[in-house]
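Chemist: All chains should be modelled from the sequences, with the hints used to inform the complete structure.
2 protein chains.
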Amino acid sequence: MSNNRDKKRAALKERLIDAAEALIAKNGLRGLKARDITADAGCALGALYNAVENLDQLIILVNSRTLNRLGETSLETVQDAPTAEQKMHALGQVYTRFAVENANLWSALFTHRLPEGEETPDWHRAEFIGLIQQIVAPLSELRPDLAGRSLQLRAQTLFAAVHGVVQLSIQNYEVGAPQEDLASEVQALVGAMMRGIKEAPAR
Amino acid sequence: MSNNRDKKRAALKERLIDAAEALIAKNGLRGLKARDITADAGCALGALYNAVENLDQLIILVNSRTLNRLGETSLETVQDAPTAEQKMHALGQVYTRFAVENANLWSALFTHRLPEGEETPDWHRAEFIGLIQQIVAPLSELRPDLAGRSLQLRAQTLFAAVHGVVQLSIQNYEVGAPQEDLASEVQALVGAMMRGIKEAPAR
DNA sequence: AGATATTTTTGAACAACGTTCAAAAACACT
DNA sequence: AGTGTTTTTGAACGTTGTTCAAAAATATCT
Numbered sequence: 001m002s003n004n005r006d007k008k009r010a011a012l013k014e015r016l017i018d019a020a021e022a023l024i025a026k027n028g029l030r031g032l033k034a035r036d037i038t039a040d041a042g043c044a045l046g047a048l049y050n051a052v053e054n055l056d057q058l059i060i061l062v063n064s065r066t067l068n069r070l071g072e073t074s075l076e077t078v079q080d081a082p083t084a085e086q087k088m089h090a091l092g093q094v095y096t097r098f099a100v101e102n103a104n105l106w107s108a109l110f111t112h113r114l115p116e117g118e119e120t121p122d123w124h125r126a127e128f129i130g131l132i133q134q135i136v137a138p139l140s141e142l143r144p145d146l147a148g149r150s151l152q153l154r155a156q157t158l159f160a161a162v163h164g165v166v167q168l169s170i171q172n173y174e175v176g177a178p179q180e181d182l183a184s185e186v187q188a189l190v191g192a193m194m195r196g197i198k199e200a201p202a203r
Numbered sequence: 001m002s003n004n005r006d007k008k009r010a011a012l013k014e015r016l017i018d019a020a021e022a023l024i025a026k027n028g029l030r031g032l033k034a035r036d037i038t039a040d041a042g043c044a045l046g047a048l049y050n051a052v053e054n055l056d057q058l059i060i061l062v063n064s065r066t067l068n069r070l071g072e073t074s075l076e077t078v079q080d081a082p083t084a085e086q087k088m089h090a091l092g093q094v095y096t097r098f099a100v101e102n103a104n105l106w107s108a109l110f111t112h113r114l115p116e117g118e119e120t121p122d123w124h125r126a127e128f129i130g131l132i133q134q135i136v137a138p139l140s141e142l143r144p145d146l147a148g149r150s151l152q153l154r155a156q157t158l159f160a161a162v163h164g165v166v167q168l169s170i171q172n173y174e175v176g177a178p179q180e181d182l183a184s185e186v187q188a189l190v191g192a193m194m195r196g197i198k199e200a201p202a203r
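Residue numbers (the working numbering), protein chains in the order written: chain A, 1 to 203; chain B, 1 to 203.
The set of hints was computed from the structure by calculation and includes no laboratory data.
Do not rely on the hints blindly, as some may be mistaken.
It does not matter which identical chain is used: a pair holds within one copy or between any two.
[As the list claims (entries may be wrong)] Calculated pairs, EDC-like style, for lysine to aspartate or glutamate (alpha carbon to alpha carbon, straight line, at most 16 Å):
| id | residue 1 | residue 2 |
| --- | --- | --- |
| 1 | Lys33 | Asp145 |
| 2 | Lys13 | Asp36 |
| 3 | Lys26 | Asp36 |
| 4 | Lys26 | Glu101 |
| 5 | Lys26 | Glu116 |
Modeler: Have a look at this one:
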C-alpha cells in the first residue's frame, strides 16, 4: 500500500506549515525565508517545492489556518450576545483583540500579495467571504430593508471600516491610534455606525 | 564654484525620484527594481546609492510626493464645502477618487515597510499627520465637546474607517466592495458615522 | 527475499535581487 | 597645466526563491 508514503508526505507538509506559521508569528511575513522553514521542519531546501507549489502557496495555507482560527473565535463570541447591536460590538472587539494578539499572522492575511498574473484560489477566497457572513445576520436585523447584494455590500463596508482602524493602529503608527486606545476607538466607531445606520435614508 | 556639482547632483536625484515614481505607478511597489530605476534615469546602478541612502529612502521620497499631492487635492476640495458635514463627505469622496486614480502610488504609502530596526524619518511622519488635520476642523464643529488628544484620536479613527473601505476595495478583492460600488459605500459610511457621531454619549 | 520500478529527498547550481567598493572619469581650484 | 576632490562606473558579493539531476528510500512484482 502506498498509504505510508501519503502519510509521510502529509506529515511533511504539515511540519512545513507549522514552521512557516511559527516563523511568520515571530518575524513577520517579510522575515520569512525558505531556508529557515526547511531547517525548522527538518528537511532539505528542495523538499519544500515537492510538498508545495511554492512559497506563496505555503503562505496561503498558513493564512487559511489563521482565517479559520479567527472565524471560530468570533463565532463563539457572537453567539453569546443577545441583541444585534451587541453582536456588532462583540464582533468588533473580538476582531480587535485577535489582531493585536496575533499581529504578525493577522497582518499576513492582508499584506500577502501574489505575483502579477496569479490568482488567489477560490477555496481561499471563500474563507474570506465567510468572515463577512457573521456580520450579515445582525445587520439584516438592524436594517430589514437591505437584502441580497446590498446587504452583503454594506456588511463588507462595516467590516472594512473596523478593519481600517485596527490595521492603521497596528501597522502604521504614523496615522493609527495608539494601541492602548484601539479598543475604545473601535467601540466608538461601531457605536456611531450603529446609531447612524438605523436612520439611514432610503436611496 | 561648486554650484554646478550641486546642481547635477540634485538633478540626478530628481531624475531618480521621477523614474521610481513612474515605475511604481506602472508596476506597483513590488515590481520596483533598482536596475530599472537607474536605467530609466540614465545612470549606472551604483549612482543610486550615491544620490540616496538606499532604495527604501527613495521610496519614501516618492511617497512624500504622493502625500503632498493628496494633501493639496483634498485641501482644495474641502474649502468648497459649506458645512462641516459636507466637508466630511467631500473629504471621503476626494480620498476615494485619489486612491482609485493613483492606485499603485497610493498603495505604496501604506504597504511600504522599512526593515526591522529602521524608523520612518520625522519629517515624513509629519506629512502623514498633516493629512489627518483636515478632518480635525470639521469634526470639532460637529463635536464641540471633543478637544486636544480625544479630538485628534477620533479624527484618526474616522480617517482609518474610510481608508479601510477604500483599501480593501482596491487591494483585497476577496473582501472589498467592487470598485463600482466604492464611492456610494464610502458615502453611506460617512453618512452613518456623521449621524451617529452627533448623538455620541458622554464618556 | 531479491530484483525492479517508482517516488522522494537531497543540496549544488542558477538567476535575480539590493548593496558595496576600488578604479576610472569628471570636475573645481590654484 | 597641475593637483586634489568628488562623482560615476560596473564588476563583484551576499542573500533571496527556485530548479534539477543524482542518490536514497519506498513500493511492487516474481
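Chemist: Each hint needs a verdict: does it hold in this structure or not?
Modeler: We went through each hint and held it up to the structure:
| no. | hint | verdict |
| --- | --- | --- |
| 1 | Lys33 to Asp145 | neither (50 Å within a copy, 50 Å between copies) |
| 2 | Lys13 to Asp36 | within (15 Å within a copy, 37 Å between copies) |
| 3 | Lys26 to Asp36 | within (12 Å within a copy, 33 Å between copies) |
| 4 | Lys26 to Glu101 | within (12 Å within a copy, 36 Å between copies) |
| 5 | Lys26 to Glu116 | between (27 Å within a copy, 12 Å between copies) |
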